[in-house]
Each structure stands twice: as C-alpha cells, then as structure tokens.
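So the sequence lines, in the order shown, correspond to chains X and Y.
With the first letter of the first sequence counted as 1, position 60 gets the number 60 in the working numbering; the numbers rise by one all the way through.
With the first letter of the second sequence counted as 1, position 100 gets the number 100 in the working numbering; the numbers rise by one all the way through.
Simulated from the structure, these hints should not be mistaken for laboratory data.
A hint or two may mislead.
Said to hold, decoys possible - Derived EDC-like pairs (lysine to aspartate or glutamate); straight-line CA-CA distance at most 16 Å: (1) X/K22 to X/E39; (2) Y/K57 to X/D84; (3) Y/K102 to X/D49; (4) X/K42 to X/D84; (5) Y/K102 to X/D94.
Said to hold, decoys possible - To give an idea of the interface, some chain Y residues facing chain X are shown, with a C-beta separation under 7 Å as derived from the structure: (6) E75; (7) K102; (8) F105.
For glycine and all other residues, C-beta sits at the position ideal for the given N, C-alpha and C.
So you can see what is in the structure, the chains are spelled out below.
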Amino acid sequence: GENVEQHPSTLSVQEGDSAVIKCTYSDSASNYFPWYKQELGKRPQLIIDIRSNVGEKKDQRIAVTLNKTAKHFSLHITETQPEDSAVYFCAAGDSWGKLQFGAGTQVVVTP
Amino acid sequence: KAGVTQTPRYLIKTRGQQVTLSCSPISGHRSVSWYQQTPGQGLQFLFEYFSETQRNKGNFPGRFSGRQFSNSRSEMNVSTLELGDSALYLCASSLQSGEGEKLFFGSGTQLSVL
Chain X
1 GENVEQHPST
11 LSVQEGDSAV
21 IKCTYSDSAS
31 NYFPWYKQEL
41 GKRPQLIIDI
51 RSNVGEKKDQ
61 RIAVTLNKTA
71 KHFSLHITET
81 QPEDSAVYFC
91 AAGDSWGKLQ
101 FGAGTQVVVT
111 P
Chain Y
1 KAGVTQTPRY
11 LIKTRGQQVT
21 LSCSPISGHR
31 SVSWYQQTPG
41 QGLQFLFEYF
51 SETQRNKGNF
61 PGRFSGRQFS
71 NSRSEMNVST
81 LELGDSALYL
91 CASSLQSGEG
101 EKLFFGSGTQ
111 LSVL
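Just chain X, with the same shape it has in the complex:
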C-alpha cells in the first residue's frame, strides 16, 4: 500500500520567513496530493491540493510543487505569519480515492 513520509516533524520559523515541508510517497499510481492544516484543537482543513498532471500550484502565500519522477511533493509558505502556526499534513491519494497521510509537521511562527 501507499506510504507517505513527511519532513521535518517540527519547523520553527521567524515571522516573515519562508517555510518548506517535504513529503515523499511510494505508490507511483498516486495522482492526487492534498495538504491539510490543523490548528490546535480544531479539525484538519484542506488548504491546497495538486493533481499529477500539474507540477506547481500557487494560492496567495502558499504553493505546492510536485515531482512525479522522484515521487516527492512540497508545501511552501512565504512571508509566514503567526496564524500560520499549526500542524500541516500532506497526503497522497490512490486511484480508489484512499488518502494516505504523512505524520504531520508542527510549524511554529515566532514574532
């Protein structure tokens, strides 16, 4: 089955700096790669997703890149703000629609 590895497990950045989270997956048939943000005590929420026919996607301060050959994808957050502090999960979806999640990255943005 699919296996998704996510790094780093924790990430501390200064406000205004960029944050990068990387994920790798094992199933070459995976075609859908969403990212979820979970604030403390709240539900995970989809923030951006990318499909395998696209190499990069951007939405304001967040962007995702996908390298299907290398089977890795990344989340980039620019100009980080305190409200970006949360746990971020990457996921890879197989053809059945089953999502396999990474273990999560705790992002702390310090003023």
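Position chain Y relative to chain X; hints supplied.
Only chain Y this time, still in chain X's reference frame:
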C-alpha cells in the same frame, strides 16, 4: 450548509467495553471516511463508506467496524477496547468516492480508554 458533525465530542470508556461513534456528513455528500489520529502518528485511515457499502479499508483489526445508513450518516464501532485505542477519531465526508475527492473533516470524537 452545516459541516460534518460528530457525536459525542468526548468519551471515556474502560478496557473491554465497546463504543459507537456517530458521523453526519455534509448534506449531499455520499462518502464518509474514518481516521484515527494519535500524537506523532498522523491520521491513520480506518475505512470509507459510500452508498452504504464499505469501499476501502485500512490496516486495523476486526474490532474496528463501521456502517453507513441510507441517509449517508455513518457509525463506527470499536469492540473490546484496549488502552491503545485512546485517540481522536475523525470522520470526513466527500461528495463522491474516488480519486481526487476533497475531504471535509468533522471536529472528531476524543476517546479515552482507562
């Protein structure tokens, strides 16, 4: 439109007992998935139901089961509870089942097994 609703919000049980968790999806959504969340382990997929049928299953023992009703509401049951079952159980709904469907999560049920 109301979001995904899970009940109860908190649950305390003792080892050996059984528990039933409930999930009401967003109106119109036909797929419900269940995940177990524990610190450091991320979200572990339990199973997915679509049109009252289990469509996908994760690697959990048979003590974990679920079902879906004709109105798309879903329940998850855990029998013979173990200490290691303590976790946040999240359900998520999506419009359809299949590749690329966006998941909308509920707030979860925090289960503590003593």
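Against the structure, the hints:
Annotation: proposed proximity of X/K22 to X/E39 is violated, straight-line Cα distance about 19 Å (limit 16 Å). For the given pair, Y/K57 sits about 33 Å from X/D84 by alpha-carbon distance, which is inconsistent with the 16 Å threshold. A distance of roughly 9 Å separates the Cα atoms of Y/K102 and X/D49; the hinted pair therefore holds under the 16 Å criterion. Between the alpha carbons of X/K42 and X/D84 the distance comes to roughly 14 Å, so the proposed pair stays at or under 16 Å and holds.
A threshold of 16 Å between alpha carbons decides the hint, and for Y/K102 with X/D94 the separation of about 13 Å falls inside it, so the pair holds. Hint on Y/E75 is violated. Least Cβ distance to chain X is approximately 19 Å, over the 7 Å limit. The beta carbon of Y/K102 comes within 6 Å of a beta carbon in chain X, closer than 7 Å, and the hint placing it at the interface holds. A least Cβ separation of about 4 Å between Y/F105 and chain X falls short of the 7 Å threshold, and the interface hint therefore holds.
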